[in-house]
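Peer 1: Using the sequences and the hints, build the whole thing.
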Amino acid sequence: MSAQPIIVSASPHVHSDRTSKKLMYDVVIALIPAFLVSVYVFGISALIVTSVAIISCIVFEYVIQKYLLKADVTITDGSALITGILLAFNLPSNLPIWMIITGSLVAIGVAKLSFGGLGFNIFNPALVGRVFLLISFPVQMTSWPTAFVNNTSVVDAVTGATSLGIIKEGLNMGETMTEISAKIPSSIDMLFGFTSGSLGEMSALALIVGGLYLIIRKVISWHIPITLLATIFIMTAIFWVANPEHYANPLIHLLTGGAILGAFFMATDLVTSPMTKKGMVIFAIGIGIITVVIRLFGAYPEGISFAILIMNAFVPLINKFFKPRRFGAKIKSKIV
Amino acid sequence: MLKTFPKGGIHPPENKITSSKGIKKMTLPKVVYVPISQHIGIPAEITVDVKDKVEIGQVIAKSGGFMSSNIHSPVAGTVTKLDKIIDTSGYKKQCIVIRTDLKDESNFTDTAYPLKTTITLEPKAILQKINDSGIVGLGGATFPSHVKLSIKEGTKLDHLIINGVECEPYLTADHRLMLEKAEEIIVGIKILMFALHIDKAIIGIENNKSDAIETFKKIITKDDHIKIAALKVKYPQGGEKQLVRALLNREVPKNGLPLDVGVIVHNVGTIFAIYQAIQHNIPLIERVVTVTGKKLENPSNYWVKIGTPITDLVNEVGGLPEDTRKIVNGGPMMGKAIKNMDVPVTKGTSGILVISEDEASRGEPKNCIRCGECVDVCPMGLEPHLLMNLSEKGMYEKASAEDIMTCIECGSCSYVCPSHRPLLDYIRFGKNSVKKMNTSKN
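So the sequences go chain by chain: A and B.
The working numbering puts the first sequence at residues 1 to 336.
The working numbering puts the second sequence at residues 1 to 442.
Stretches of chain B that chain A covers, calculated by requiring three or more beta carbons in the stretch to come under 8 angstroms of a beta carbon on chain A:
no., region
1, 249 to 260
2, 333 to 344
3, 350 to 364
4, 369 to 375
5, 379 to 385
According to the in silico footprint, chain B covers these stretches of chain A (three or more CB under 8 angstroms from chain B):
no., region
6, 20 to 26
7, 106 to 119
Simulated from the structure, these hints should not be mistaken for lab results.
Built from N, CA and C at the ideal position, the CB exists for glycine as well.
Peer 2: Quick look at the structure:
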């Protein structure tokens, strides 16, 4: 017999090798392709924005947990790291550093820790930080350094609106889509990242690669991203078919405005999305509809951040009303 | 496409390291400790006294009522004590201690009787014999078999399902039994079909035991009306409700029994015990036990006399490894961890699993990250995270309304939880509290 005491515990006596930490670091890995694209497009400024966001998120989590809450410090679980990266991905590359830090404080302090920390937050922390900045500093948050527009080289000094911003502005001035489309990058450019916008939304392709990695690793299921993107596509397609001179084509809607980033990385946040597959589908349809309504009829050119936050608020209700079907609740089969 | 149940389930590493090890006869234990309560229901009543000589197969404790079972002496020997000893449950239970007579030849007769296929008993006599022979469900639930077989007049019953799933990792007792006693099992199935007037039987076997599937397919004929169904490997397919759903696409109603959908389910081990009782007049005094563990010298399957102390089994395979930290009676998903090695093998013991240092401890519980994985894997369509919360907060009414009582305690939720939350621990606690709440109401 061994010198160590025998352990007696209730079953099960085995565990899968999945841990929260591994899930979190898988998300980090999935974000790497998009990060590399942002560094390629924006250079050093992308590095700066991302590092500032990550470091400030982790530092705020540490300080608040240790000195304010006097609780266990959980900075190694990877969740603050993800919040930092996702926040940075939602910011323009030339945002003043103090603004980034303010955004981190709101994300970690307000959206996450004041609700009780990881697992208890209702709203996606990174998005709360982003929307806070968007509302507080609308000018800085909506002027992006333009990169590779019309296949010219990187011109850091030039700032401009995103494709959706250009479209909205153009439509408000009474221009037609044919006139506007000359001013925005082609869909191919959008796919590979030769467009303007926030750090993380540069290349749809890089984001899709990361998203597929998450689905293959079973960190997320396909239900939210596919339903969400399909909803956006179908809704914008209907408007586009009805009046192509007044509405952008559905491809533009899918490839810009952070739709892909939102669908794969923001809406799928485990904590703030529904628990059942049925619930996830409802949640994603809701986000899709709200996004399109804001984009086409709202004041903001982009709407997915707001849409996700609004639907986050409905998650407890969705969980309550879209429960899994209990085994044997209603007899489907009959005795032959 | 292989059949399986549609909702939930997991696929833990199978670790069936003893699947190629033939069933060996365990060395005769010097002393056996036979508990009088090895089944669900009323304990049996002791009919022997200290110093009595007992013969092998003699009734030493009589069934204490309808929901009870006879207990027979597994050896020829002398009763030395009637004492309370700790059993698997961790509680002290009344036991009959018998010193084995190592000179008595009946202790050494081989169980390999010639196959006997003709059924001579009438249905009524068969059911009586099953009752007399102390047969209980050997899959682990130890539900007295005669109770299961006492079917009310007018009940519609069309299928006998034989559970050869053995979905617990590590365990291979049923697998080996199917390989080595296939013909006896088929006769056992025919006995039950005859006794219950059922004309269709299905043996459900997971596809990781393709040799057993082949063996059965070779020996059955068309007239037997016995089907062999290969199932996709998925835990907990051995659960009655999951198995009925997988094989017949029928869903046992909430709080119901397979009988409600015209099905009766028996484990292969039980079927073999029934064969032994009916054809050879041998009561349930021994069973197949898998003694296994990654670090064991010589893990294998054994014919073990009921009442054999677990120490004897472990010694048989080369003793406990140095770094043993956990000993489990049963499989890793639903087995009970034991501390005392003197605990005897009972009718419900399908395996002894020895777990080493590296796999023995649980991870530290963290916050629920609401990933929904527990909801995904629950084969009963429950929300384990919610049930745990409600149990933790003492909200038993609510837990009951959320169907906590339908939990089959398979442990899939705790197995997958990435935050290592003790979901099933709390759900068990909640179930007990709901039970108490309901009894105090009545």
